[in-house]
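Residue numbers (my numbering), protein chains in the order written: chain A, 55 to 322; chain B, 784 to 1001.
In case anyone wonders, no lab produced these hints; they're calculated from the structure.
Taking lysine-lysine and the DSSO-like style, the derived pairs with C-alpha atoms no more than 30 angstroms apart in a straight line are:
#, chain 1, residue 1, chain 2, residue 2
1, A, Lys319, B, Lys897
2, B, Lys956, A, Lys253
3, A, Lys258, B, Lys956
4, B, Lys897, A, Lys258
5, A, Lys253, B, Lys897
6, B, Lys956, A, Lys319
7, B, Lys897, A, Lys320
8, B, Lys893, A, Lys295
9, A, Lys295, B, Lys956
10, B, Lys893, A, Lys296
11, B, Lys893, A, Lys320
12, A, Lys298, B, Lys897
13, B, Lys956, A, Lys179
14, A, Lys75, B, Lys956
15, B, Lys936, B, Lys796
16, A, Lys296, B, Lys956
17, B, Lys897, A, Lys296
18, A, Lys295, B, Lys897
19, A, Lys244, B, Lys956
20, A, Lys298, B, Lys956
21, A, Lys258, A, Lys320
22, B, Lys956, A, Lys168
23, A, Lys319, B, Lys893
24, A, Lys319, A, Lys295
25, A, Lys320, B, Lys956
26, A, Lys319, A, Lys298
27, A, Lys298, B, Lys893
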Amino acid sequence: LQAVRSTVPGAVTMEKVTEYKDASGYNNYYEFGTDKGDPVEHAHTLRTSPWTVEIEGLVKKPAKYALEDLVKLAPQEERIYRLRCVEGWSMVIPWVGYSMARLIEKVEPQGSAKFVEFVSLADPKQMPYVGSRVLDWPYVEGLRLDEAMNPLTLLTFGMYGEVLPNQNGAPVRVVVPWKYGFKSGKSLVKIRFTDQMPKTAWNKAAANEYGFYSNVNPNVDHPRWSQATERRIGEDGLFAKKRKTLMFNGYEPQVGQLYAGMDLKKNF
Amino acid sequence: MTLARTLLHPAAKPVLFVLGLLPFAWLFYGAATDHLGANPAEYLSRSTGDWTLRFLCLTLAVTPVRVVAALPTLARFRRMLGLFTYFYVFLHFLAWAWFDQGLDPTEMGKDIAKRPFILVGFAAFVLLTPLAATSFNRAVKALGARRWQALHKLVYVIAGLGILHFFWMRAGKNNFAEVFVYAAILAVLLGWRVSEFLRKRRSGGRMPAGATGPRPSR
Chain A
55 LQAVRSTVPG
65 AVTMEKVTEY
75 KDASGYNNYY
85 EFGTDKGDPV
95 EHAHTLRTSP
105 WTVEIEGLVK
115 KPAKYALEDL
125 VKLAPQEERI
135 YRLRCVEGWS
145 MVIPWVGYSM
155 ARLIEKVEPQ
165 GSAKFVEFVS
175 LADPKQMPYV
185 GSRVLDWPYV
195 EGLRLDEAMN
205 PLTLLTFGMY
215 GEVLPNQNGA
225 PVRVVVPWKY
235 GFKSGKSLVK
245 IRFTDQMPKT
255 AWNKAAANEY
265 GFYSNVNPNV
275 DHPRWSQATE
285 RRIGEDGLFA
295 KKRKTLMFNG
305 YEPQVGQLYA
315 GMDLKKNF
Chain B
784 MTLARTLLHP
794 AAKPVLFVLG
804 LLPFAWLFYG
814 AATDHLGANP
824 AEYLSRSTGD
834 WTLRFLCLTL
844 AVTPVRVVAA
854 LPTLARFRRM
864 LGLFTYFYVF
874 LHFLAWAWFD
884 QGLDPTEMGK
894 DIAKRPFILV
904 GFAAFVLLTP
914 LAATSFNRAV
924 KALGARRWQA
934 LHKLVYVIAG
944 LGILHFFWMR
954 AGKNNFAEVF
964 VYAAILAVLL
974 GWRVSEFLRK
984 RRSGGRMPAG
994 ATGPRPSR
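Please build the complete structure, drawing on both the sequences and the hints.
Structure representation (structure tokens):
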């Protein structure tokens, strides 16, 4: 997958990139099983072609994009982002895609649109664990419109210079680097613009544990574990002290202003 | 050779000992050669917890199986299984203390105070300690069989705490399949004891053949 290096501020970290085998073999993708080794084992049943993404809701130009057209909508950029999982581990991944803002400008949200909802595929024929009671399927995630418009929010088609492996959310996903990983929906089939805060999958499952915002925040612990530190996969050895988690996963200069005046303890 | 004779074979205990060490050997080898996947710390924490529950179930299965299958010789393996339970829970505790908390006592204290599922798991580990410590013949003698037995009834509380710990750990992800498997096994093993107790009480203290109730393994 051809891409140019991104010029968006903060979009290319110099940190050591996680090994491909870890980034593609240690995944949370519950449609394919709850163990982190399950997705790489089961996701081969996902058919990523043909694929369409429907843009609907409060937009002036609702559309149904074939994947081939969506890929060509804007130049592909390489972005090297930190990924912080809500479970307390992290990776550094070179993604390929373009700013979600490019797509949003194209479909022209109406004035009343305040949120964007991302709906993942939920086909029990291709995804063996859809139908399990772990979550209410399909997997739905969402952002405030201004969060989705931030240049760091990436509509993602590839990683490590290749098209996305199925277990990483092929053929198209979103990546929001300053939020916990689960906020970045995989294998998107629908992008919906609304005036209501979307009811997201993990928030529905456990509202006290997973808030709508779910910004990476070392000062707000998960009810069952601390978020102050993290273990970098493949780098921090067994006995190494875990590294400190950074506010907004280190993207505070780029996204801090989105939350000016908000109580982030309440809006976790 | 019959099963009962096999169980009496002099090699039976050493074989069980080696079998009990196999999971540890595998984890140790996997950690040393980087074969535990992308997140070895999490793998070690999870597996030592799993093996604790497995050995706990095996330990608690000894008496029911001994009585139901009329295999009195099984009793000689109970102590070793119990000690393996403690061995794995100790490793589980160590994995948390070392990998998660960096062996920092202040951090560990804060974690226990803050997170109920850690508190419950830690309590189970602490409660199991006197049981492991009094598993030797001299301790049984020093305590007297009656007090020893009363102390070791704690294992039922520990089993409950262990399941609660596991349940809470999985609660955030609504992923209870494994929790229910262990809970069901333990429920059967404890349920059998309750029904035995009631049966004995009904039969006015006269014990059915082979059912002599829980007692130290020698």
